[in-house]
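A.B. asks: Residues per chain are reported as follows:
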Amino acid sequence: MNLLIHMTKQAANAIGLLLAVLILNFCLIHLAPGDPALVIAGEMGGASADVIAALRVKYGLDQSLLHQLWTYMSKVVTGDFGYSYYFNEPVVNLIGQRVPATLYLVISALVLSIFIGTLLGVISARKPNGWLSQGVTVISLAGYAAPVFWTGLMLLLLFGSVWPILPVSGMSDVARPKSGLAHLVDVVQHLILPSITLALVFIAQYSRLARVNMIDALTADYVRTARAKGLPEFIVIGKHALRNTLIPIVTVAGLQFGHLFAGAVLVETVFSWPGMGRLVYESILRRDYPTLLAVLFFSAVLVMTANIITDLVYRLIDPRIRSGPR
Amino acid sequence: MSTMEAPRAREPSALPSRPAASPLAAMLRQFGRSPAGVIGAIVLLALVLITLLGPTFYGIDPLDLAGAPFTPPGADAWLGTDYLGRDILAGLIYGGRATLTVGGVAAVITIVIGVTVGALAGFFGGAVDTALVKLTEFFQILPSLLFAMVLVTLFGQTLTTITIAIGVVSWPTAARLTRAEFLRLRNLDFVKASRAAGAGNGHLILRVVLPNALPPIIVSATLAIGVAILFEGGLSFLGLGDPNTMSWGLMIGQNRNYVLDSWWTVTFPGAAIFIAVLAISLIGDGINDAINPRLRKRG
Chain A
11 MNLLIHMTKQ AANAIGLLLA VLILNFCLIH LAPGDPALVI AGEMGGASAD VIAALRVKYG
71 LDQSLLHQLW TYMSKVVTGD FGYSYYFNEP VVNLIGQRVP ATLYLVISAL VLSIFIGTLL
131 GVISARKPNG WLSQGVTVIS LAGYAAPVFW TGLMLLLLFG SVWPILPVSG MSDVARPKSG
191 LAHLVDVVQH LILPSITLAL VFIAQYSRLA RVNMIDALTA DYVRTARAKG LPEFIVIGKH
251 ALRNTLIPIV TVAGLQFGHL FAGAVLVETV FSWPGMGRLV YESILRRDYP TLLAVLFFSA
311 VLVMTANIIT DLVYRLIDPR IRSGPR
Chain B
62 MSTMEAPRAR EPSALPSRPA ASPLAAMLRQ FGRSPAGVIG AIVLLALVLI TLLGPTFYGI
122 DPLDLAGAPF TPPGADAWLG TDYLGRDILA GLIYGGRATL TVGGVAAVIT IVIGVTVGAL
182 AGFFGGAVDT ALVKLTEFFQ ILPSLLFAMV LVTLFGQTLT TITIAIGVVS WPTAARLTRA
242 EFLRLRNLDF VKASRAAGAG NGHLILRVVL PNALPPIIVS ATLAIGVAIL FEGGLSFLGL
302 GDPNTMSWGL MIGQNRNYVL DSWWTVTFPG AAIFIAVLAI SLIGDGINDA INPRLRKRG
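Residue numbers (our numbering), protein chains in the order written: chain A, 11 to 336; chain B, 62 to 360.
It should be emphasised that the hints constitute simulated quantities derived from the structure, not laboratory data.
No residue lacks a Cβ here, since even glycine has one placed at the ideal position from N, Cα and C.
Hints are supplied without guarantee of correctness; some may be wrong.
[To be verified] In silico lysine to aspartate or glutamate, EDC-like type, Cα no more than 20 Å apart, as pairs:
no.	chain 1	residue 1	chain 2	residue 2
1	A	85	A	72
2	A	19	B	322
3	A	137	A	226
4	A	137	A	243
5	A	19	B	250
6	B	195	A	72
7	A	85	A	60
[Said to hold, decoys possible] Sample of chain A residues at the chain B side, in silico, Cβ under 8 Å:
no.	residue
8	170
9	193
10	194
11	197
12	290
13	315
[What the hints assert, rightly or not] Stretch by stretch, here's where chain A covers chain B in the computed footprint (C-beta under 8 Å, at least three residues):
no.	segment
14	116-124
15	161-169
16	198-209
17	251-261
So here's chain B without its partners, still in its complex pose:
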C-alpha cells in the first residue's frame, strides 16, 4: 500500500501538499478570502475593542450628568449630550458592552435551544419529531418581538430577563435548520457505520452527526447575534430596556421624543447598532461563502 502511495505524493498533483487540515481550519482559510467577511470581522473587532478599552481613554461615566442637556456635538461633548445631559459618546462606549453582551449571550441561548430541539427531532424522527415540530410551529406563530415584549413586561426589565427572553423567542429558525441537516445526515453511510460499531444515540448525535451539521449552524449562530442586537434595540426602544444599564437601544428609547430638537441623541446610537449588525451579517456572508464556495457568485 505505502509503496504505491509514496511516489504519488511527490507528484505535483491535485492532492494538497499540506497534511489534510481540519474542516474548521479550511473554513477559516476560505473565510480569509472573502473581503466582506474580513471587513465585517475587523469592524466587529474594532467595536468590541472600543467598548472594552474605551473607558481607559474616555473617562466620563455614561450615567453622570456631564453637561447641559441637549449640548450639540462639539468641543464640550464630542457627540453631544442627551435630554438629561449625559454624554453620548460615553453612552456608546458603555452601552456597547451591554448591547453586544446581550447579543452574544442571547445568540448562545437561541442556538442551544434550537440545536437541541432540531437535533432530537431530526435524529429520532417519528413521534418525537412530530411533537417537536409542533412545538416549533407553535413558537413560530407568535410574533417573536411581541412575545419577547410580553415576557419582559411580565418577568421584569433586567438585562438577564431580556437576554433570556430574546433567546427563548428566537430559536425556531435554528431548530428547523438543524432538523433539516439531521434528517439529511442520519441515514448516510458513516452514521450507519458508527451505529453498527456500537455507538449509542448520544455519541451519534453529538460526535457523529452534529459535527457534520455544524457549518450552516455556525452561519445561523452568527446571524442570531445580529438579530438579538436588533431585538435588544427594539425592546429598549419601547421602554422595555434595563433602566439601570446603558445600552444603545436604551439611548434611542429614552431620547426619541426629543429627536426633532436633538438629532444626535438617537442618530449615533442607531448608527452604532447599524454598524454592529452590518458587520455581523458580513461575517455571516463570509462564513457562508467559505462553506459553499459554489454559491458565492449568486449571493
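Next comes chain A alone, as it looks inside the complex:
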C-alpha cells in the first residue's frame, strides 16, 4: 500500500515535470531568433509571402501565445509532435523508428559498465594498495577525462584500419543482409564497439565507486560477523558486502541515465549507429526544429522512466527503504 501511494506520487511528479518540458520547448521556439513561419518556410525550401501568411494562419501563429501553447499541448497529448519536412514524416514516427537502436546501445552499455565496473571495484578493494587497485584508479581517471567521441574515434581507427576485425559503422551489414540468427549475430557484432565506447566512461566511474564502497563494506561489523560464522569468502563478499556496494552504483547509474543518453548521441554519430542520437545529429544539420525538440522531450521521458525504475530497484536491493519510514 505504501508503495502504491509512493508510486502515485512519483507518477504525478513525473507528469508535472514532463508538462514543464513541453512548456520549455514551446518557449524555446518562440524565444529563438527568427519567425517560426519563416523557419517552417525555410524547412520547406522557401516560400512566397502569401504562403508564409497562409502558414501563419494554418499553424495558429496569428493567435495569442497562450492559445498557441494550448494548441501545442493538446496536439502533443494526442501524440502529434509535428512534421519533419526534411525526413518527410511525422516526427513521432521518426522517433519510434530510432528508439530501439538507442535502447540496445544504452542498455548494453549500462549492463556492461555496471558489471565490469563492480567487478573491477570489488577485486581491487580486496587489496586496496595492490597493483590492480592502482590500475583501477588510473582507469577511472582516464575514463573520466577522455572525451567519449574521441575514444570512439580511436577505437574506430584501431578496428577500422589497424586491426580490422570488427564492423565500425552502422547496425548491420547492408551489403550482405542476413536473416534470423545470423542477423542477430551481425547486429551484436556491430554493437560491440559503440557499446564498449559508451561503457568505458561509466566503467571508470563505477569501478571507483565500487572500490570505495567495498572497502567500507569489508570493514563493517556485519562482514566480520559473517566471517566469524565461518561463511566462505565468496558468500561474504558476493552476498553480504556486494549488496551494500551495489546500492550506490544503482543509484548513480539511474541518476546518470541522462548522461548515458547524451553519450549515446556522440557515440552513435561516431559509429553511424541509427538511433535517436544519430537523428539528433541529422536534425541539427538540417535545422529540423520539430524533430530536435521532440527528441529533447522523449529523452526527458526516458530519463524519467529510468529514475522511476531506479527508485524501484533501490527499494528491491535495500529492504530498509521498503519497510521503514522515509
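For this one, chain A is given, so just place chain B on it according to the hints.
C.D. replies: Okay, now just chain B, sitting in the frame of chain A:
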C-alpha cells in the same frame, strides 16, 4: 587570562607554532602535499602557458592553409595538416585558448547559478526550497548535452552562446551540493549567534554560511571546468562549434570523416582535451584530499 596562556604557548605542544593560518592557506598547504594535485596543476599551467605564449614561438595562423591537405606529421608540419591543409599544431595552440576559456567561463556561470539556487533553497527552506528543488529536478531530467545542443542550434553557433548554454545546463549538481551544505550549516550555533547579533539574511548567506560551505563548492567548480571542456568538445564534434574560432573540439569535428586516412588530425586535439581534463580532475582530487585528509586513503 594572558598569564595563563603565555607559558603554554612556549611549550612544544600540539598547538601550531605559527599564527593560525586562514583556512584557504591551510588548504593550499595540504594541496601541496598531494602529488596528483601538484602534477595536475603543473600540467594545466603548462597548457595555459603554451596557448598564451605559443604564437610567439610558432608563427603559423591556425586558419591559414599552411601546406598540402593531409600532410602527415613531419618536417613540413610537426603535427601534420588537416583536410584543408591547416596546421594542426597551430590549431592546438590557438584552439586551446578558445577551449580553455569556454571551460573556465562556463564553469563560472555553472557555479554562480548553482550556488545561488542551492544557497537560497538551503538557507530559506520551506516554499522557496520546494520551488527551487523542483526547478533543479526539472533541469536534471533534460540530458544536459542534448539541452545544450538545442540551445546552441536555436540561438546561434557563437562562442558566447556555447559558453552560456554549457553554464545553463550544468548547474544542478552544484545547486544540490550547495543546498546540502547550507541545510547542514544553517542551524549550527555560529549561524544562530550571528543572527542573534542582528545580521540580515544577505549577510548570513554570503558572509557567514557561504565561506563555510566553500570547500566542496571549490572542488565542484574545478570539476565543472573539466566537464565544460568536454561539453565544448562534444558540441563542436557534432558540428555545433563556432566555425570562426579554432577550438580543440572543432578540429575533431571537422576532421572526423577523414579519420581513417589521417589519424593525426583527430588524435592530437583529442589528446589535448584528454590531458587538460585529466589535469583538472587531478587538481580536483588534490583539493578534495586537502579538504578531507581523512578520506585520502579511500579515494
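A.B. asks: Give a verdict on every hint.
C.D. replies: Hint-by-hint comparison with the structure:
1. Straight-line distance between C-alpha atoms of residue 85 of chain A and residue 72 of chain A comes to about 18 Å, which keeps the hinted pair within the 20 Å bound.
2. This hinted pair does not check out: residue 19 of chain A and residue 322 of chain B have alpha carbons roughly 55 Å apart, beyond 20 Å.
3. Only pairs whose Cα atoms come within 20 Å are accepted, and residue 137 of chain A paired with residue 226 of chain A is accepted, the gap being roughly 13 Å.
4. Distance check on the hinted pair: residue 137 of chain A and residue 243 of chain A sit about 14 Å apart at the alpha-carbon level, within 20 Å; holds.
5. Between residue 19 of chain A and residue 250 of chain B, the direct Cα distance comes to roughly 36 Å. Violation of the 20 Å bound is thereby established for this hinted pair.
6. Distance check on the hinted pair: residue 195 of chain B and residue 72 of chain A sit about 33 Å apart at the alpha-carbon level, beyond 20 Å; violated.
7. A distance of roughly 26 Å separates the Cα atoms of residue 85 of chain A and residue 60 of chain A; the hinted pair therefore is violated under the 20 Å criterion.
8. Because the closest C-beta pair between residue 170 of chain A and chain B is about 5 Å apart, less than 8 Å, the hint holds.
9. This hint is violated: residue 193 of chain A has a C-beta 26 Å from the nearest C-beta of chain B, more than the 8 Å allowed.
10. Nearest Cβ of chain B to the Cβ of residue 194 of chain A: about 28 Å, over the 8 Å cut. The hint is violated.
11. With a cut of 8 Å, the hint placing residue 197 of chain A at the interface with chain B is violated, because the nearest CB-to-CB distance is about 23 Å.
12. Given the 8 Å rule on beta carbons, the hint for residue 290 of chain A holds: about 7 Å separates it from the nearest Cβ of chain B.
13. Contact between residue 315 of chain A and chain B, as hinted, is not supported at the beta carbon level, the nearest pair being about 10 Å apart and thus beyond 8 Å.
14. Given a C-beta distance limit of less than 8 Å, the hint that chain A covers the segment 116-124 of chain B is violated, as 0 residues qualify and 3 are needed.
15. Against chain A, the segment 161-169 of chain B contributes 0 residues with a C-beta closer than 8 Å to a partner C-beta. That does not satisfy the three-residue criterion, and the hint is violated.
16. Residues of the segment 198-209 of chain B with a Cβ under 8 Å from some Cβ of chain A number 10, which satisfies the need for three, so the listed coverage holds.
17. Coverage of the segment 251-261 of chain B by chain A is violated in this model, with 0 residues showing a Cβ closer than 8 Å to a Cβ of that chain against a need of three.
In this structure, the earlier hints numbered 2, 5, 6, 7, 9, 10, 11, 13, 14, 15, 17 are contradicted, and the remaining ones agree with it.
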